[in-house]
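Same order as they appear, the protein sequences are chains L and R. Counting with the working numbering, you get residues 1 to 610 for the letters of the first sequence. Counting with the working numbering, you get residues 611 to 955 for the letters of the second sequence.
Since the hints were made in silico from the structure, they are not lab data. Be a bit skeptical, because a hint or two may be false.
[As the list claims (entries may be wrong)] Take a look, some chain L residues computed to stay more than 10 Å from chain R by CB distance:
id	residue
1	Gly38
2	Arg256
3	Gly344
4	Ala480
5	Asp499
[Claimed, not checked] Facing chain L, from chain R, some residues (calculated, C-beta under 8 Å):
id	residue
6	Glu626
7	Lys627
8	Lys630
9	Ala631
10	Val669
11	Tyr687
12	Val921
13	Gln922
14	Val925
15	Trp952
Bear in mind the structure is a predicted one, so any value in this text is a computation, not a measurement. Positions of the beta carbon are idealized from the N, C-alpha and C atoms, including for glycine.
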Amino acid sequence: MTKVIEERERVVVRFAGDSGDGMQLAGSRFTDATAIVGNDLATLPNFPAEIRAPAGTLAGVSAFQIHFASRDILTPGDAPNVLVAMNPAALKANLAEIERGATIIVNEDAFSKRNLEKAGYEANPLADESLEGYRVHRIPMTTLTTRAVEEIEDASTRDAGRAKNFFALGVLSWLYGRPTDVTQRWIEKKFARNPAMLQANLAAFNAGWSFGETTELLDVQYRVKPATDVAPGIYRNVNGTTALALGLIAASVRSRLPLLLASYPITPASELLHELSRHASFGVSTIQAEDEIAAAGMALGAAFGGRLGITATSGPGMDLKAETIGLAVALELPMIVVDVQRAGPSTGMPTKTEQSDLLMALYGRHGESPLPVLAPSTPAGCFDVAFEAVQIALRYRTPVIILSDTFLASSSEPWMVPTAADLPEIDPAFATATGEPFMPYSRDERLARPWAVPGTPGLQHRIGGLEKADVTGNISYDGANHERMTELRAAKVAGIARDVPPLEVDADEGAKLLVLGWGSSEGAVRAGARRARLAGHKVACAHLRHLNPLPANIGEVLCSFERVVVPEMNTGQLAQVLRARFLIDVESFCKVRGQPLQAAEIEREIEARQ
Amino acid sequence: MSAVTRNGHGNDGAPEKLTKADFQSDQETRWCPGCGDYAVLAAVQQFMPELGIPPERIVFITGIGCAGRFAYYMDTYGMHGIHGRAPALATGLAASREDLSIWVITGDGDSLSIGGNHLIHALRRNVPIKILLFNNQIYGLTKGQASPTSELGKITKSTPFGVSDQPFNPVALALGAEATFVARTIDIDKRHLTDVLRAAAQHEGAALVEIYQNCPVFNDGAFAALTEKEGKDVNQIRLEDGQPIRFGSDNERGVARAADGGLAIVNVADVGEDALLVHDSGRTDPSLAFSLARLAEDPTEPTPIGIFRAVQRPVYTRSSRVPPEPASEAELAELLVSGDTWTVT
């Protein structure tokens, strides 16, 4: 039959199924093929905290969303245009977010009485009117996959059952004209050691593609042209974890400091430990510490030894590291602490995103212990923030906290790969003996103290958590000295503002409302503003990547708008900081649902304030 | 050990020999008069030149407590850390700097209470650090609370009705934590202490040295049975490799295997010298060392001192997969474009 080909500017697809259905895999393969086509894209995985929740239940639903377009896009998309539901639970868990008119592709075979019951359906939604208004395609994926795999020698029924995600991927690949060779090559490489699985998955994928091409169920094929408003360069698809790891490695290479990451397994920060562990050949040492406290201690111990000491954690792990971070503030040694924020308090929702550690990062230590805090705003942007964090840590001899979050860590987008040679060199500027008595707490023009590492002749000295006398670094309980040291530490961190670029504002002429975001919400804020503008509204938006110190011009920016709204995935933490500091009536838009902010929400907030 | 020279040279151009004074910092020591820490500090400073390592390649890392001040008094590199975390700080340093001689100074509260986890993991990893555990069986710096080594029934400020928590035996704990070198010595026995330090320094992995250290203010005389003239010979069981374990003013007592498979204190006259246990710290199986560690309930009765265990096991260092220097710019460039890439022109 002849198929109609329709052009689309942008599409949002969500793959949803049971945790064991391989939806993350199907989604990431679709993403790679999409990246190769040259579409701009953004992805968002969403999976349960349980490794395998009971099969078929709502708790076990795992989903992967991809937004791709022929123009620059900013978020993984709000409502999907296409939902692939591999079982009733996946349909039920996602339906509320699917707008009427959208396409739903279901694995019909999975809609058995038992599965319907597990999902809490009293009647089969495919058989009644509950899906009216959607374009529903019922495909017996299990049957078709089994049939495709039947012929393959050594492939068991189990292999066939496990290959149905590739069938779904095949269908979607046909529907959106994704290249097949990228996926086929991947399957061949991935399953090289298991020929039966390799053949089964290939057969399932090809069967899915052919099904799309031949079935009368699907009468339209869509085309999304390559994005054209993209700067020339070499691109790859990265998530925030990979970008952060690469940024840290790049900083190690450019500073010539071997990198040591000490970490304790915790979701979702473990991914960074895994990622960096793979790069031993780059001079990267990783230690799986006995606990979060030890991990911070090991990073600081390495820093004392003149290395790039890094620790990474999430959620409760940050609480445990606070004491060591405080020591690093007192020692004035460079150290990087990565906090991949997740929903709290306590264990909270380990796989869900939040921005609720901001106040903790800024103030969550006893005593006056200021330190720089940076927050990447896009997955690819994690590279730049990691690199900059190391620059600041080394230049100012201070621990730096990087506030990433679950969304950034697992979401992916195309990244224009920087040229290694263009990355600036970072001079660790170790102290060397001058013949004069060594003063470990003397300071340079930036108020940074000398970094004298063991092994340097003539600079033997002792540092520690007890208050130090200014300049000499001897123990001091003198009140006036303590006040001076408190001021010096604060002034040093505040002075980093000199290196922080001014806050850029993207404002319409005559805009009275400023939307000021921070961290991972940048895509949603910019996309929301873009939509509001299309609707004829005037708005300004700006985004903070430096939470401490804030850009020097922020006060001026805040004062130049009648209204300021700060969207955050917490209960208003940045808003509270800005209100306290600038005495401005900042408004909050807060969301703590474990999901990233959406462009539509931002658009609504802008509209409500016109 | 090798000849010891200062990094620089004397006026005559000849290498200058390091002395105790080279390891004394200019900071005023501030322990209580009569504190056992003074004796240990003096012994360590005296011993340091023997290491054959210049002071700039020696690091002392300490925790919190009276022992924590130790770092300030050594003219080496030093870090006074946080409570219980010195082994973690030292592990990070040791894992990235194989060229350093790293010493951890800790106390019974610091390493066995708040820092217990770091201690056992540093030992089982066999991190090349030398841990000197000053055990005075009391919290001194916080003014006299019970510690995890305080004996049962001890009346302290925090235990007015007596300690009811079973104390740790640090040597037994270290053996249980897979330590490769475990020794016990006494603060004021300079010679024994120095011998043990020497052996610990020569050991290739983690070394745990428990030092019975008198706190004259809050727990005076805790080890008197082992240190006072009259009790010393009766109560010190000195472990010496290759020697039958004997003690007593006339060496009339000894340690032998008991009928139940454990160890017992015996009269040599009763069992004969051949029945005595011959000490071997290099035994792979730590069971006998463990039994020896538990020979005395607490140090008020015959108590073994010396090296309980000294065995070889792979040392925790930078992985052989990790080169000492970061990769080159060219390798970085290659890494950045790894994976599937595409070019926009």
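Now the hints, each set against the structure:
Distance check for L/Gly38 against chain R: the nearest CB is about 6 Å away, which does not clear 10 Å, and the non-interface claim fails. Residue-level check failed: L/Arg256 sits 6 Å from the nearest beta carbon of chain R, not beyond 10 Å. With a minimum CB-CB distance of about 23 Å to chain R, L/Gly344 clears the 10 Å threshold, and the non-interface call stands. The claim that L/Ala480 is not at the interface with chain R holds, since no C-beta of that chain comes within 10 Å of its own (minimum 20 Å).
L/Asp499, annotated as away from the interface, keeps every beta carbon of chain R farther than 10 Å; the closest lies near 23 Å. Violation of the interface hint for R/Glu626 is found here, the shortest Cβ-Cβ separation to chain L being roughly 13 Å, above the 8 Å cut-off. With a cut of 8 Å, the hint placing R/Lys627 at the interface with chain L is violated, because the nearest CB-to-CB distance is about 16 Å. Taken as an interface hint, R/Lys630 does not check out: its beta carbon lies about 15 Å from the nearest beta carbon of chain L, beyond 8 Å.
Interface hint status for R/Ala631: violated, as the beta-carbon distance to the closest one in chain L is roughly 14 Å, over 8 Å. A cut of 8 Å between beta carbons decides the hint on R/Val669: the least distance to chain L is about 5 Å, and the hint holds. Using the Cβ-Cβ criterion of 8 Å, the hint placing R/Tyr687 at the interface with chain L is satisfied: the shortest such distance is roughly 4 Å. The restraint placing R/Val921 at the interface with chain L is violated, with a minimum CB-CB distance near 22 Å, outside the 8 Å limit.
At a threshold of 8 Å, the smallest CB-CB gap from R/Gln922 to chain L is about 22 Å, leaving the interface hint violated. Of the supplied interface hints, the one on R/Val925 is violated, with its beta-carbon coming no nearer than about 15 Å to a beta-carbon of chain L, more than 8 Å. The criterion of a C-beta within 8 Å of any C-beta in chain L is met by R/Trp952, whose closest approach is roughly 5 Å, and the hint holds.
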